[in-house]
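A.B. asks: Read top to bottom, the protein sequences are chains A and B.
Just so it is clear: in the first sequence, position 239 is 238 by numbering that gives the first Met the number 0, and no numbers are missing.
Just so it is clear: in the second sequence, position 16 is 15 by numbering that gives the first Met the number 0, and no numbers are missing.
Be aware that one or more of the hints could be misleading.
[Unchecked claim] Cβ pair distances, simulated, as ranges:
1. Y185/B - V25/A: 28 to 34 Å
2. G153/A - G109/B: 37 to 43 Å
3. P57/B - L180/A: 55 to 61 Å
4. G192/B - K289/A: 29 to 35 Å
5. A28/A - A120/B: 47 to 53 Å
6. R137/A - F200/B: 48 to 54 Å
7. K43/A - P30/B: 39 to 45 Å
8. V25/A - G109/B: 30 to 36 Å
By construction, these hints were calculated from the structure, which means they are not laboratory data.
Note that the structure is a prediction, hence the values are computed from the model and not measured.
The beta carbon of each residue, even a glycine, is placed where N, CA and C say it ideally should be.
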Amino acid sequence: MKNYLTSGNGAPHTRALIGVLVVAVVAGALFFGLGYKRFFAPEKPIVLATTTSTQDSGILDYLLPVFAKRTGIAVKVVAVGSGEALAMGQRGDADAVLAHSPAAEVDFVNKGFGIDRRAVMHNDMIVVGPASDPAGIRGGKDAAAALKKIAQAGSPWVSRGDKSGTQAKEVALWAKTGLPLVPSPGWGGVTPVRPSGSWYIEAGQGMGEVLKMASEKKAYTLTDRSTYLAMKGGLSLDILVEGDANLFNPYHAMEVNPEKNPAVNFRGAQKFVDWLVSDATQKLIADFGKDKYGMALFFPDAGGTAGK
Amino acid sequence: MPLTSEIIEIVLLSLFVSGTATVLAGLAGVPLGTFLALGRFRGRGLAMRLTYTLMGLPPVLAGVVVFLILSASGPLGRLHLLFTPAAMVIAQTLLVLPIVTGLTSVTVAGKDREIRETALALGATPRQAATKVLVEARLGITGALAAGLGRAIGEVGAVMLVGGNIAGFTRVMTTAIVLETRKGDYTLGLWLGLILLVVAFLVNSVFAGLQGAGETR
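Only chain B is shown next, with the shape it has when bound in the complex (with noise of 0.2 Å):
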């Protein structure tokens, strides 16, 4: 049974690893999800389904491909990246990215048509109307952030298999509880479960006081 100090390890380091895979997901998202949006490109339709089929992407999926990757015998073998927090990373970015770039040109997309022709009726430049569009689908934007740090903080297919779960080290939540349930000790299982309820909740809080903000302004 993990001690209190260990499970404040694991919690911790859960909230590293989605939220770095959060943050890189998000720096590529939504710029992507923008351009595919209110882009005017060929094959601009096939790649939203491509995006919104990779929404799906099973996580142990994700971490089977990085595992080949990173694995001693692959073609990143000699990063030593496998069995490391930065591996899970990686996995968890790869989860997130479809996730906030689809959601990011779902609500970009739909505010397009409400607001780039009265900006552009209203004489601004395209580049105006683009900008004030991206700015009205904030909130969107932010709910595309909160579901994609959701999907990464409660998954474990991808964590287990590239990070092993190993104590003190790339031990998260998902893969505590799993080792937990597997050994007989529900109690403990349902109580790392609720401290990742917990803990999604309030990251969760922290996101809606940023929408609120952004609403009264």
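One chain only, chain A, in its complex shape (with noise of 0.2 Å):
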């Protein structure tokens, strides 16, 4: 009996150890040699950190296999929200960033953590909310005008509450309703920038949980077209407001500046962008969701100067 530890049998815990070490070893083998290609790549990937809604709509799934089999570089997509995306960028953890928070962006190249921001393309941002609309904003092209009477109304209402570009463009709409304004947590909780009232819902996540949220809750939400449309089948929310110039989102590359971050993959991240904005990959952009949805998703902006 006291032989058990020392007994070449091992005690059951010995074996159970041994059992999942097995089990991982196996696992692990499999992964690596299923995918072993990706890992002997002749180039260096890279990582793009980019926002929830590209990654969600299926653009990326879509244009990122073209550029791999065009240039043998793997591209890893880490998708969070606008702001994340750049901080991720400022501390040396990504090579790329594509995000639609403009003023957040110009403010990251100032500061030198990125460079070479470049248009890439646009989509647009929609009002939706329950068919039943009882803050009556149908068919309106005034966005904030809509949600003054939304918040008149005392419907309720749900914000990302997340410090994405979303929520950017939400704040930029509250401050031109010129109603009074309180801080809100989720975009750092010192400048004013909602209105008060339990009818406004922070909800802190991503777009696809907020639609999700907006849709449970019969609330009005600020949305990009692509999520609602990629998602449109289990939402009952409708499109309300529309087609306002305030209401245009467009998304940047740049590349993560090697000078402050010298471990970046530069020369990777510089071939990506480049190929983003090239014509062939615009006309890609162009064409993506038409054959789904019946339009565009996104509209190409190469060369333009669209939010610089």
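Starting from two chains that each stand alone, build the complex the way the hints lay out.
C.D. replies: See the structure below:
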């Protein structure tokens, strides 16, 4: 009996450990074995920090294989909010950034963290809400006026509340309403950016979660058109306000400055951004989504100065 | 929507990351828990309370800490481990270690009272008595490892942050579920959740088999 631990038999928990070890090693070997081409690719991969909207809309799944095939560079996508994407670039954890928060991007470039910022594409934002439309905003062309009506009616509104590009858009619209504003925890908690009231819900989540929440709560929200179209099937939300020039949502790409973060893959990042704004890629962007939704989700912007 | 081959890769990576983390945590946590239960030293009560507290460590907090340490601007940035499976293993090891340590110490301490005195009364040396306690606690220790693995394979906060949910590289079952749900594909999210539960059931069946084998000895 006392030889349990020392006799080669091993106590059951030793065998349990060995069992887990075998499972882990076999799974690891198969995983890395199946994907061996990726790990021995001739070109060093790049890390792209981008927004959840580009990942959730599916445009990256559509574009990146073309880039990988052409250049041999794999793009590892980390999808977060625009604020976090820029913070990743600032820390040197990403090689390139694709974001849609122009003011924060300009600040990022001015501080020297990013270089060579270029317009890639835009989509547009829309105000969506329940079909019953309790605030009566349907068909309006002025987003700020619609938000004011929602606030005055006290109808539920779901805000991203995560310092994303979408929230930046929302903050700008509330400022135009002329309503008294209070600080928002999701926006740093200092500057007054949102109206007060229990009808105003700060989700602190991505666009998809916010759309689902708005749908469940029969609330209004501001969303990019592409995420809305991609998720429309599972939502009971209608497009109520669209076509306001203030709802234009530009995406810019930039490389992380190698002078600030010498370890980044600058050459790979530069190739990627160059490719994004090339004529052929811009054509691909213009065609994306037409087969599935009958309308384009993104509009090519390269060469333009949109948002600069 | 992921292809079948992608789903297989996702399942394999989950098993690899969480399995490795459990093994590492087991190698450190079982001796540590035994020491906590049987050792007689100052601050033992405090160490136990700290261990129990850390058993509730929020995964996302472990994730942030590992993220900042491994970030290119962090102390270990030059290792380039952020957004790799290795970073996910490190974060999950931190999560599993307190669970294995805490549950091991509970089960060993429980057996300690019953068995050690009998063994000593029957003329065993203190070392022999301690060995006997550990042997008798084997079922509880296997359970501690199963609980640790369950925690690791089901958590999303830490692996999402330090792994980045990169397709084909750091995407595991839980982060894939988050992504599909975020994209509005609830059906696929639910299917992935079902696969996760089946995998967890199979792994636990292996554990149960081992425990059964232990009981009949």
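A.B. asks: Taking the beta carbons of P57/B and L180/A, is their distance inside 55 to 61 Å?
C.D. replies: The hint (55 to 61 Å, Cβ to Cβ) is violated, given that P57/B and L180/A are roughly 32 Å apart.
A.B. asks: Given a hinted range of 47 to 53 Å, is it respected by the beta-carbon distance of A28/A and A120/B?
C.D. replies: Between A28/A and A120/B, where Cβ atoms are some 50 Å apart, the hint holds.
A.B. asks: Verify the CB-CB distance for G153/A and G109/B against the hinted window 37 to 43 Å.
C.D. replies: violated, 58 Å
A.B. asks: Go ahead and decide if the range 29 to 35 Å is satisfied by the Cβ distance of G192/B to K289/A.
C.D. replies: holds, 33 Å
A.B. asks: Per the hint of 39 to 45 Å, is the separation of the Cβ atoms of K43/A and P30/B within bounds?
C.D. replies: Since K43/A and P30/B have Cβ atoms about 41 Å apart, the given range 39 to 45 Å holds.
A.B. asks: Regarding R137/A and F200/B, is the given constraint of 48 to 54 Å on their beta-carbon distance met?
C.D. replies: The hint (48 to 54 Å, Cβ to Cβ) holds, given that R137/A and F200/B are roughly 49 Å apart.
A.B. asks: Taking the beta carbons of V25/A and G109/B, is their distance inside 30 to 36 Å?
C.D. replies: holds, 34 Å
A.B. asks: Can you tell me whether the CB distance of Y185/B to V25/A sits inside 28 to 34 Å?
C.D. replies: Since the Cβ atoms of Y185/B and V25/A sit about 32 Å apart, the hinted range of 28 to 34 Å holds.
The structure fails to meet hints 2, 3 from the earlier list, while all remaining hints are met.
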